[in-house]
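Next come the chains, spelled out residue by residue.
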Amino acid sequence: MTTTTTEAHAWQQAVFDALKAGGVRQIAYVPDAGHSYAIRQAQQDPDITDVVLTTEEEGVAVVSGAWLGGQRAALLMQSSGVGNCVNMFSLLRSCNFPFLTLVTMRGEYAEFNPWQGPMGKTTQQALELMGITVLRASNPEEVGEIVSAAADSAFLAGEQVAVLLSQTLIGRKKWERN
Amino acid sequence: MSTTLNASGAVDRRAFVSQLIAASPDALIVSGLGSPSYDVFAAGDRDQNFYLWGAMGGAVALGLGLALAQPDRPVLVITGDGEQLMGVGTLGTVGAKQPRNLTIVVLDNGHFGETGMQRSHTSLGTDLVAVAQGFGIKDAFAVREAGRAGEVAERVMARRGVAFAQVFIKPDEPPRALPPRDGVYVKNRFRAALGFSTF
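Sequence lines, in order, name chains A and B.
First residue of the first sequence: 1, per our numbering; consecutive thereafter.
First residue of the second sequence: 1001, per our numbering; consecutive thereafter.
It is worth saying that the hints were derived from the structure and are not from the lab.
Check the hints yourself; a few may be wrong.
[What the hints assert, rightly or not] Here are the simulated DSS-like pairs of lysine-lysine, each with C-alpha atoms no more than 27 Å apart in a straight line: (1) B/K1097 x B/K1170; (2) B/K1170 x B/K1138; (3) A/K20 x B/K1097; (4) B/K1138 x B/K1187; (5) B/K1187 x A/K20; (6) A/K121 x A/K174.
[What the hints assert, rightly or not] The following residues of chain B were derived to be distant from chain A, with all beta-carbon distances above 12 Å: (7) G1057; (8) L1066; (9) T1093; (10) V1094; (11) G1150; (12) E1154; (13) M1157; (14) D1182.
[Stated by the list, open to error] Among chain A residues calculated to face chain B with C-beta under 8 Å, some are: (15) V51; (16) T55; (17) A61; (18) A73; (19) N113; (20) P114; (21) G117; (22) G131.
Computed from a prediction, not measured in an experiment: that's the story for all the values here.
Cβ coordinates follow ideal geometry from the N, Cα and C atoms, glycine included.
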């Protein structure tokens, strides 16, 4: 499968639009190519604060602090980052903080780098073991709706929700630099 | 040996925290797990206190999200050296955002107090003030005298820039004063004090 630039842009735009429509005011992230549009938009949006993290577990605490202070926030990361978060997820369960994370997947489709496999193949289980509900978006046209639904579950029902953005959305990574 | 290494701290932790909070009446306070949470509770329970009992390494990150959400309120994080060391990269995240209303106070006894007083990195070569400054927190300084609590509180209340105080405390263990362990209760009480509903 190949993903064209136009398609990639459309679903990435849908991600940011859903966060914006969901009232998200802080976006904490460890970058990934699949999140680059949302990160760029967050940096430019005067109503949204972007927070670049040194490790994903910081983001679990940042978004919880945002909620404590009355703001909705989301954590953007790659599947490898989910493993970094595991103990910090106990903050969410101990305090029942609403939680929304969007996870771009690696290690599950046309993966060139075997080092992405061990965490990518266990990302969903790791989240579920820590009590987080997992949704998945695999087709570009469903991304906006699923992110929006996850935001509603988090901020209207107080749930902890992750949306996995399938590697098929992101497409094959080009390893040869031109 | 660097003069900032923790050979023998002299500050009484309970007295320092009590004076600091008394002089920072508007502060929203986040306390790191273990003794710092006990110290903050011992100074008097407040609705605007958020006590951590776990999530080690997350105190400053939680305080950062809170400070960004509440720019008109001073936010004070009070934690220990072990907790700060576990989340030390967060100082870089704070340095990148420079929240004017965030003050970080590390009560440093140079040991992991909760687990049997094993020596921590601040007893073994780490200079936390240099680390904080290296991460871009320019107003980072050491405190060796209990009488300087008011000086730290002045920074808390002024909200004129992120500050980091490493307080060299005596490596003793005052009687435990246990804050509420029900995180849902503490969270909802904190939000209610700011005028927010549960969710």
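Hints, one by one, checked against the model:
The suggested pairing of B/K1097 with B/K1170 is violated, with an alpha-carbon distance near 32 Å, which exceeds 27 Å. Note on B/K1170 and B/K1138: the hinted pairing holds, with a Cα-Cα distance of about 26 Å set against a maximum of 27 Å. A hinted pair counts as satisfied when its Cα atoms are at most 27 Å apart, and A/K20 with B/K1097 qualifies at roughly 21 Å. A threshold of 27 Å between alpha carbons decides the hint, and for B/K1138 with B/K1187 the separation of about 31 Å lies outside it, so the pair is violated.
The hinted pair formed by B/K1187 and A/K20 meets the criterion: a straight-line CA distance of about 25 Å does not exceed 27 Å. For the suggested pair A/K121 and A/K174, the alpha carbons sit about 21 Å apart, so the restraint of at most 27 Å is met. Chain A draws B/G1057 into its interface by the beta-carbon criterion, the shortest separation being 7 Å against a cut-off of 12 Å. Distance check on B/L1066: its Cβ comes as close as 4 Å (rounded) to a Cβ of chain A, failing to clear the 12 Å threshold; non-interface status is violated.
Not every CB of chain A lies more than 12 Å from the CB of B/T1093, the least distance being 6 Å, so the non-interface label is violated. Not every CB of chain A lies more than 12 Å from the CB of B/V1094, the least distance being 10 Å, so the non-interface label is violated. A cut-off of 12 Å between C-beta atoms confirms that B/G1150 is not in contact with chain A; the least separation is 26 Å. No beta-carbon of chain A is positioned within 12 Å of the beta-carbon of B/E1154; the least distance is around 23 Å.
Once the 12 Å rule is applied to beta carbons, B/M1157 is consistent with being away from chain A; the minimum gap is 18 Å. For B/D1182, the shortest C-beta to C-beta distance to chain A comes to about 9 Å, within the 12 Å cut-off, and the non-interface label is violated. About 6 Å separates the beta-carbon of A/V51 from the nearest beta-carbon of chain B, less than 8 Å, and the hint is met. The restraint placing A/T55 at the interface with chain B holds, with a minimum CB-CB distance near 6 Å, inside the 8 Å limit.
For A/A61, the interface hint holds, the least distance from its beta-carbon to any beta-carbon of chain B being 4 Å, beneath 8 Å. For A/A73, the interface hint holds, since its Cβ comes within 8 Å of a Cβ in chain B; the closest pair sits about 6 Å apart. For A/N113, the interface hint is violated, since its Cβ never comes within 8 Å of a Cβ in chain B; the closest pair sits about 24 Å apart. Below 8 Å, beta-carbon pairs count as interface contacts, and A/P114 has none with chain B, the closest being about 27 Å; its hint is therefore violated.
Using the Cβ-Cβ criterion of 8 Å, the hint placing A/G117 at the interface with chain B is not satisfied: the shortest such distance is roughly 26 Å. Interface hint at A/G131: violated, since its Cβ lies 14 Å from the closest Cβ of chain B, which is beyond the 8 Å cut-off.
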